[in-house]
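Top line first, the protein sequences correspond to chains A and B.
Just so you know, we're using my numbering here: the first sequence kicks off at 63 and counts up by one.
Just so you know, we're using my numbering here: the second sequence kicks off at 25 and counts up by one.
None of these hints come from the bench; they were simulated from the model.
Nothing here was measured: the structure is a model prediction, and the numbers come from that model.
Even for Gly, the Cβ is constructed at its ideal location relative to N, Cα and C.
Don't take every hint at face value.
Mimicking SDA-like on lysine to any residue, the simulated pairs with C-alpha atoms at most 20 Å apart in a straight line are [said to hold, decoys possible]: (1) B:K320 with B:W338; (2) B:K134 with A:Q173; (3) A:K310 with B:S258; (4) B:K360 with A:N177; (5) A:K74 with A:L289.
Output of the computed footprint for chain B on chain A, the stretches with three or more beta carbons under 8 Å from beta carbons of chain B [as the list claims (entries may be wrong)]: (6) 128-136; (7) 140-146; (8) 190-197; (9) 269-276; (10) 320-326; (11) 339-348; (12) 415-422.
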Amino acid sequence: MVRFAQITLIAKHTYRSILNTPINSWLIGAFFALIVIALSSAFVGNNQHQHDVGHYSKDVRDRWENNPDKHPHRMAHYGYVAFRSKAPLSFFDRGLDSYLGNVVFLEAHRQNSVNFSNASQSSGLLRFGELSAGLLLQLLFPLLIFFWGFASVSEEREKGISKLYLTQGVSWKEVILGKSLGIFSVSMLITLPTLLLTLVFLVFSPNKTSTLSHSLLPFIMIMVSYLVYSLIMSMLSVWVSARSSSSKSALIKLIGFWLFFVLIVPKLSQVTAQTIYPSPSKIAFDTMVEDELRKYQAELISIYQQQNRVVNSMAILYPYLAIKNISMTFSGSDFDAYQIFKEETEEYRYNLAQTMNDLQIKYISNNTTSSADKGAVISQQHWKDFPTFEHRFLTKKEMVRASAYSVFTLFMWLLVLTFSTIFLTKNIKAF
Amino acid sequence: MIDLLIKQLFRSRGLMIGLFILFITGVLSIYVGKVFVDDRKQIIELTEKSQEEHLQRHVEYGHGHIGLFLYYVKFGYANDRSPLASLSIGQNDIRQAAQLVNIRNLEEQKNSYELMNPYFQLLGNLDFSFLLIYLFPLIIIALSFNLWSEEKESGRWPLLSVQSDSPNRIIGAKLLLRFAIILSIFFALLAIAILSLDLPLDSSLFIFTCVSVLYICFWFSLSWWMISLGKSSSYNAITLLIAWILLTTILPATANSVVSYIYPVPEAYETTIDSRDGYHVKWDQPKELAIDPFKKLYPEYEQYNHPEDASFSWFWYYAMQHMGDFESREARQAMKEKLHKRNELTKGIGYFLPSVHAQLSMNAVAKTDMTNYLNYLEALESFHEDLRLSFYPEIFEATPIEDQNWQDFKLDYSTDRRDISLLALLPLFLVNVILLGLTYLSYQRSDSL
Numbered sequence: 063m064v065r066f067a068q069i070t071l072i073a074k075h076t077y078r079s080i081l082n083t084p085i086n087s088w089l090i091g092a093f094f095a096l097i098v099i100a101l102s103s104a105f106v107g108n109n110q111h112q113h114d115v116g117h118y119s120k121d122v123r124d125r126w127e128n129n130p131d132k133h134p135h136r137m138a139h140y141g142y143v144a145f146r147s148k149a150p151l152s153f154f155d156r157g158l159d160s161y162l163g164n165v166v167f168l169e170a171h172r173q174n175s176v177n178f179s180n181a182s183q184s185s186g187l188l189r190f191g192e193l194s195a196g197l198l199l200q201l202l203f204p205l206l207i208f209f210w211g212f213a214s215v216s217e218e219r220e221k222g223i224s225k226l227y228l229t230q231g232v233s234w235k236e237v238i239l240g241k242s243l244g245i246f247s248v249s250m251l252i253t254l255p256t257l258l259l260t261l262v263f264l265v266f267s268p269n270k271t272s273t274l275s276h277s278l279l280p281f282i283m284i285m286v287s288y289l290v291y292s293l294i295m296s297m298l299s300v301w302v303s304a305r306s307s308s309s310k311s312a313l314i315k316l317i318g319f320w321l322f323f324v325l326i327v328p329k330l331s332q333v334t335a336q337t338i339y340p341s342p343s344k345i346a347f348d349t350m351v352e353d354e355l356r357k358y359q360a361e362l363i364s365i366y367q368q369q370n371r372v373v374n375s376m377a378i379l380y381p382y383l384a385i386k387n388i389s390m391t392f393s394g395s396d397f398d399a400y401q402i403f404k405e406e407t408e409e410y411r412y413n414l415a416q417t418m419n420d421l422q423i424k425y426i427s428n429n430t431t432s433s434a435d436k437g438a439v440i441s442q443q444h445w446k447d448f449p450t451f452e453h454r455f456l457t458k459k460e461m462v463r464a465s466a467y468s469v470f471t472l473f474m475w476l477l478v479l480t481f482s483t484i485f486l487t488k489n490i491k492a493f
Numbered sequence: 025m026i027d028l029l030i031k032q033l034f035r036s037r038g039l040m041i042g043l044f045i046l047f048i049t050g051v052l053s054i055y056v057g058k059v060f061v062d063d064r065k066q067i068i069e070l071t072e073k074s075q076e077e078h079l080q081r082h083v084e085y086g087h088g089h090i091g092l093f094l095y096y097v098k099f100g101y102a103n104d105r106s107p108l109a110s111l112s113i114g115q116n117d118i119r120q121a122a123q124l125v126n127i128r129n130l131e132e133q134k135n136s137y138e139l140m141n142p143y144f145q146l147l148g149n150l151d152f153s154f155l156l157i158y159l160f161p162l163i164i165i166a167l168s169f170n171l172w173s174e175e176k177e178s179g180r181w182p183l184l185s186v187q188s189d190s191p192n193r194i195i196g197a198k199l200l201l202r203f204a205i206i207l208s209i210f211f212a213l214l215a216i217a218i219l220s221l222d223l224p225l226d227s228s229l230f231i232f233t234c235v236s237v238l239y240i241c242f243w244f245s246l247s248w249w250m251i252s253l254g255k256s257s258s259y260n261a262i263t264l265l266i267a268w269i270l271l272t273t274i275l276p277a278t279a280n281s282v283v284s285y286i287y288p289v290p291e292a293y294e295t296t297i298d299s300r301d302g303y304h305v306k307w308d309q310p311k312e313l314a315i316d317p318f319k320k321l322y323p324e325y326e327q328y329n330h331p332e333d334a335s336f337s338w339f340w341y342y343a344m345q346h347m348g349d350f351e352s353r354e355a356r357q358a359m360k361e362k363l364h365k366r367n368e369l370t371k372g373i374g375y376f377l378p379s380v381h382a383q384l385s386m387n388a389v390a391k392t393d394m395t396n397y398l399n400y401l402e403a404l405e406s407f408h409e410d411l412r413l414s415f416y417p418e419i420f421e422a423t424p425i426e427d428q429n430w431q432d433f434k435l436d437y438s439t440d441r442r443d444i445s446l447l448a449l450l451p452l453f454l455v456n457v458i459l460l461g462l463t464y465l466s467y468q469r470s471d472s473l
């Protein structure tokens, strides 16, 4: 039996005692300042990117429409240049954005690669990570929570305070839940303003690549996931504190977990995934695909997806990769979003070639021998009639599907931690 | 005395686990490096084979005109790399080890990247440099943050100080012991790397080692300074941890935003559009618009002409292909300059951030940095030009394909012969001197109290 009045009391006490420590207000302020810097710089960067995309897309369109009357097959060769837009919420979590190409030349007979990712133009700093609200909340925020939680139970035990309230009839599960909620409420002093600021940016964003109402569900998913994530981290820190012989050992354990599961495991799982599902090198791919491009392209994508599944499955061991994945998907900067872009460009390229082909069949007689013949020319009005390239982002359904496993894992974590707090706390030492 | 200190250290189980994880991860990182260089080797072999087969096939196919033959065949150009790339992969995971190019428009061929799962790029490589930049410092912090404070907090310090003339020496000895342990792990890993990766014992390896050791020293100096200030264990722990987060994540990431904000590269888009327009529109234009400027560029081909009334000639075709490249040169040049500026600014920032400087120096010695890539691009451009210029007369004269000995065209290499000067060590050396000076001063101050 859990008594809510007791839990609330402990939570309030924990909340107050954290905020009464001067260093904590500094830490909260500094951390939030970092988030503000990260959010606004990513926001400005995104708007600049969208501005460039708009500018060059218009340039491409003008050049396309202003091509003189000519043979349609030449237009198919002339082709189109498509630019990748950033999703409206991607300023919150840049996800894979910097590692994905931004521009692709679409021409008949040839499938070109999407070029010029930010990574390809980076001087090497990118490998240290990118400042974004997502990164700060996923990676560093747990450290802050651990700092608040590592001594929560162990210190009171060391000082003999635990004995006092346990003899007064408060149970361990109430202590752990109460303290977790207390720490969680402190963590909300960072998460809630961050989310609010994100929402403000989203509403006033000049990036109108998709409607606000379309971004609302992703935003809510992001909000819920980060709240659950920080609750999990709060519970974890209190749980470890309760299970450790001293505060020092609790801190070492928590930082050790973090170090191992956040810094090492993702990289290790990448090596594992590449070993289980080896992906081809560019040259191997190029030599294979000379005949059946589409088939091999699909194969490569499915290899990548299998690899990603291996990596994401590690979220069972630690929720970091789960939140990373959820955040990326709903910010519109994940692998699937990129895949949509590639499919759309491929479809556009195909349509362009087909349309030009149809125009040729319809308007140009079979007697012409070369595309340079005077009679083999059609009006430039046809170029204007061909629609411009626009790309869509993942639909809500696709996002939910792409993140289902991670969402499931995250909630499993919450469930398991709650369950263990309620049922497995009888044998915790009181002194 | 020393054996007691060692015993005390080895009794701490958490630290032992930490050292063990460090060592195992180190061995794994060497394995990752080995896989990486083996893959590269395989890629180069495959490119070589592919080029040979390609040439053979097209010779047998008999295209008739050498212009048509050269439309199809490709020539391989490899970026020769240092064996040290296995320890510091840098950006080389997305750069191609070798490329196949034909003699047509280069702009649309040269920007091709190694295929790599973008998610893996985000997660980053577990290479030796990662271990050094991220994990070593954390272990160093864990080993040393409470050396003095713990003695004071446990009440042992007054006892220790009356037993010795200079109690601070004991702290120094403890720290040196930890330094020795970390260095032995580092050198053990380095020895494994040298043996299993066949690293030559040359000046590059020497500089790589110096950078690593100085970086390790930096974290010990920083910890020592922290210790000497005489604050509590938890104060030291959190301050050092914050320093680690700032130096390995927040400051480099901020620097990255600043660099890309100061030097945005929209020229990448411009180059793509310009080079595509540069030659595609030439199909609709009078042939002179491609031929005249081409002749101005290469007066040695003055005697060749496009046959009047013909809708196509190989002379015009290759002139037009090259003029496409030529017309996008401004955007391309601007882009290169931006990338150079990004590179220089980053290096400048590195002088103030030991983590960034260490990483950049290791990448530079391993030739996996931006400079190497920019040099390779230049080299690829001249490789392409040499090929073009050697084939132009053959194409314009329409010499028979069989006149050339195609099997002699082998994969070519660009070599990066940059010497990395010992000056690269200076920033790391200076920061150590400063920190040790500060430590000395703070001990002086506490002694005089």
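Apply the coverage criterion to the stretch 339-348 of chain A and chain B: a residue qualifies when its Cβ sits closer than 8 Å to a Cβ of the chain, and three qualifying residues are needed.
Holds, because 8 residues of the stretch 339-348 of chain A bring their Cβ atoms closer than 8 Å to Cβ atoms of chain B.
Okay, the stretch 415-422 of chain A and chain B, do three or more residues pass the C-beta test at under 8 Å?
Since three or more residues must qualify, the claim that chain B covers the stretch 415-422 of chain A is violated, with 0 doing so at under 8 Å.
Can you confirm whether chain B covers the stretch 190-197 of chain A, using C-beta to C-beta distances below 8 Å and requiring at least three such residues?
It holds, with 5 qualifying residues against the three required.
Are there three or more residues in the stretch 140-146 of chain A whose C-beta lies within less than 8 Å of some C-beta in chain B?
Coverage by chain B holds for the stretch 140-146 of chain A (4 residues, Cβ < 8 Å).
Quick one, are K134 (chain B) and Q173 (chain A) close enough, alpha carbons at most 20 Å?
holds, 15 Å
Counting residues of the stretch 320-326 of chain A with a beta carbon closer than 8 Å to any beta carbon of chain B, are there 3 or more?
holds (count 4)
Test coverage of the stretch 269-276 of chain A by chain B using CB-CB distances below 8 Å; three residues minimum.
violated (count 0)
With a Cβ-Cβ cutoff of 8 Å, does the stretch 128-136 of chain A contain at least three residues near chain B?
holds (count 4)
Within a Cα-Cα threshold of 20 Å, do K360 (chain B) and N177 (chain A) meet the stated pairing?
Answer holds: K360 (chain B) to N177 (chain A) is near 15 Å, not above 20 Å.
Do the alpha carbons of K320 (chain B) and W338 (chain B) lie within 20 Å of each other, as the hint requires?
This hinted pair holds, its Cα atoms lying about 18 Å apart.
Agreement of K74 (chain A) and L289 (chain A) with the hint, judged by alpha carbon distance not exceeding 20 Å:
Since the Cα atoms of K74 (chain A) and L289 (chain A) sit roughly 18 Å apart, the hinted pair holds (cutoff 20 Å).
Run the distance test for K310 (chain A) versus S258 (chain B): straight-line Cα separation, threshold 20 Å.
holds, 9 Å
The earlier numbered hints that this structure contradicts are 9 and 12.
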